[in-house]
Amino acid sequence: QKEVEQNSGPLSVPEGAIASLNCTYSDRGSQSFFWYRQYSGKSPELIMSIYSNGDKEDGRFTAQLNKASQYVSLLIRDSQPSDSATYLCAVNMDAGNNRKLIWGLGTSLAVNP
Amino acid sequence: KAGVTQTPRYLIKTRGQQVTLSCSPISGHRSVSWYQQTPGQGLQFLFEYFSETQRNKGNFPGRFSGRQFSNSRSEMNVSTLELGDSALYLCASSFDSFNQPQHFGDGTRLSIL
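Chains R and P supply the protein sequences, listed in that same order. All residue numbers for the first sequence refer to the numbering used here, where the first residue is 1 and numbers rise by one. All residue numbers for the second sequence refer to the numbering used here, where the first residue is 1 and numbers rise by one.
Source of the hints: derived by calculation from the structure; they are not laboratory data. Possibly wrong hints are sitting among the right ones.
Away from chain P, derived, C-beta distances all over 12 Å, residues of chain R [stated by the list, open to error]:
{"id": "1", "residue": "Leu11"}
{"id": "2", "residue": "Ser12"}
{"id": "3", "residue": "Ser20"}
{"id": "4", "residue": "Asn53"}
{"id": "5", "residue": "Gly54"}
{"id": "6", "residue": "Gly59"}
{"id": "7", "residue": "Thr62"}
{"id": "8", "residue": "Leu75"}
{"id": "9", "residue": "Arg77"}
{"id": "10", "residue": "Pro81"}
Within a straight-line C-alpha distance of at most 27 Å, the following computed BS3-like cross-link-like pairs (lysine-lysine) qualify [claimed, not checked]:
{"id": "11", "chain 1": "R", "residue 1": "Lys67", "chain 2": "R", "residue 2": "Lys56"}
{"id": "12", "chain 1": "P", "residue 1": "Lys13", "chain 2": "R", "residue 2": "Lys42"}
{"id": "13", "chain 1": "P", "residue 1": "Lys57", "chain 2": "P", "residue 2": "Lys13"}
{"id": "14", "chain 1": "P", "residue 1": "Lys57", "chain 2": "R", "residue 2": "Lys2"}
{"id": "15", "chain 1": "R", "residue 1": "Lys67", "chain 2": "R", "residue 2": "Lys2"}
{"id": "16", "chain 1": "R", "residue 1": "Lys2", "chain 2": "R", "residue 2": "Lys56"}
{"id": "17", "chain 1": "R", "residue 1": "Lys56", "chain 2": "R", "residue 2": "Lys42"}
{"id": "18", "chain 1": "R", "residue 1": "Lys42", "chain 2": "P", "residue 2": "Lys57"}
Glycine included, each C-beta is placed from N, C-alpha and C at the ideal position.
Please model the entire structure based on the sequences and the hints provided.
See below:
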């Protein structure tokens, strides 16, 4: 069973702090990993893609990938109340003779002013 | 560059009716995926089309069907609607779902009375 697991939260952090969101996946052969943000009642929006081990930074966001340990994380620096949302991790996994995007259930983040 | 367009945005139907939802992907994207999302639930994968062929399918009953046209536009149909079909239906497109991220439309909110 192909799985992507995330802590459902809620994760609560004060404004200005670093929020750390984690995701583990079951398919060791996975090669592409994505973080999405979803506000309540809205559709998911892509924050970042990561394909290689290590860190990838984009503004206040840093994605970290460790394929050996099968986890990918998202750090949000200087968290703002507007970052309060559900963060979804998605991983491309083998699905028979093709590949399929498998989604985690998401982590709810609350940034408190 | 225009994003993913879903129509209609809102729809109200009664039990037993059928409904057709439409999705126009980002220009150049050949993969279209459909998801169902109910309050507090994760993304439930319905199916994925690529170059007019269904490439992946989720665990939904046969009442849920879809198709993709030669211009990559996609439709999904739900027949014999049930109260439990009330949800946000999301369409996402990607150039190639294997390694490229998916980009979501705003969704169609379907309410069954």
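Hints versus structure:
{"no.": "1", "hint": "Leu11", "result": "holds, 16 Å"}
{"no.": "2", "hint": "Ser12", "result": "holds, 18 Å"}
{"no.": "3", "hint": "Ser20", "result": "holds, 21 Å"}
{"no.": "4", "hint": "Asn53", "result": "holds, 16 Å"}
{"no.": "5", "hint": "Gly54", "result": "holds, 18 Å"}
{"no.": "6", "hint": "Gly59", "result": "holds, 17 Å"}
{"no.": "7", "hint": "Thr62", "result": "holds, 17 Å"}
{"no.": "8", "hint": "Leu75", "result": "holds, 19 Å"}
{"no.": "9", "hint": "Arg77", "result": "holds, 22 Å"}
{"no.": "10", "hint": "Pro81", "result": "holds, 22 Å"}
{"no.": "11", "hint": "R:Lys67 to R:Lys56", "result": "holds, 14 Å"}
{"no.": "12", "hint": "P:Lys13 to R:Lys42", "result": "holds, 21 Å"}
{"no.": "13", "hint": "P:Lys57 to P:Lys13", "result": "holds, 25 Å"}
{"no.": "14", "hint": "P:Lys57 to R:Lys2", "result": "holds, 14 Å"}
{"no.": "15", "hint": "R:Lys67 to R:Lys2", "result": "holds, 16 Å"}
{"no.": "16", "hint": "R:Lys2 to R:Lys56", "result": "holds, 25 Å"}
{"no.": "17", "hint": "R:Lys56 to R:Lys42", "result": "holds, 26 Å"}
{"no.": "18", "hint": "R:Lys42 to P:Lys57", "result": "holds, 24 Å"}
Going through the hint list in order, the structure satisfies each hint without exception.
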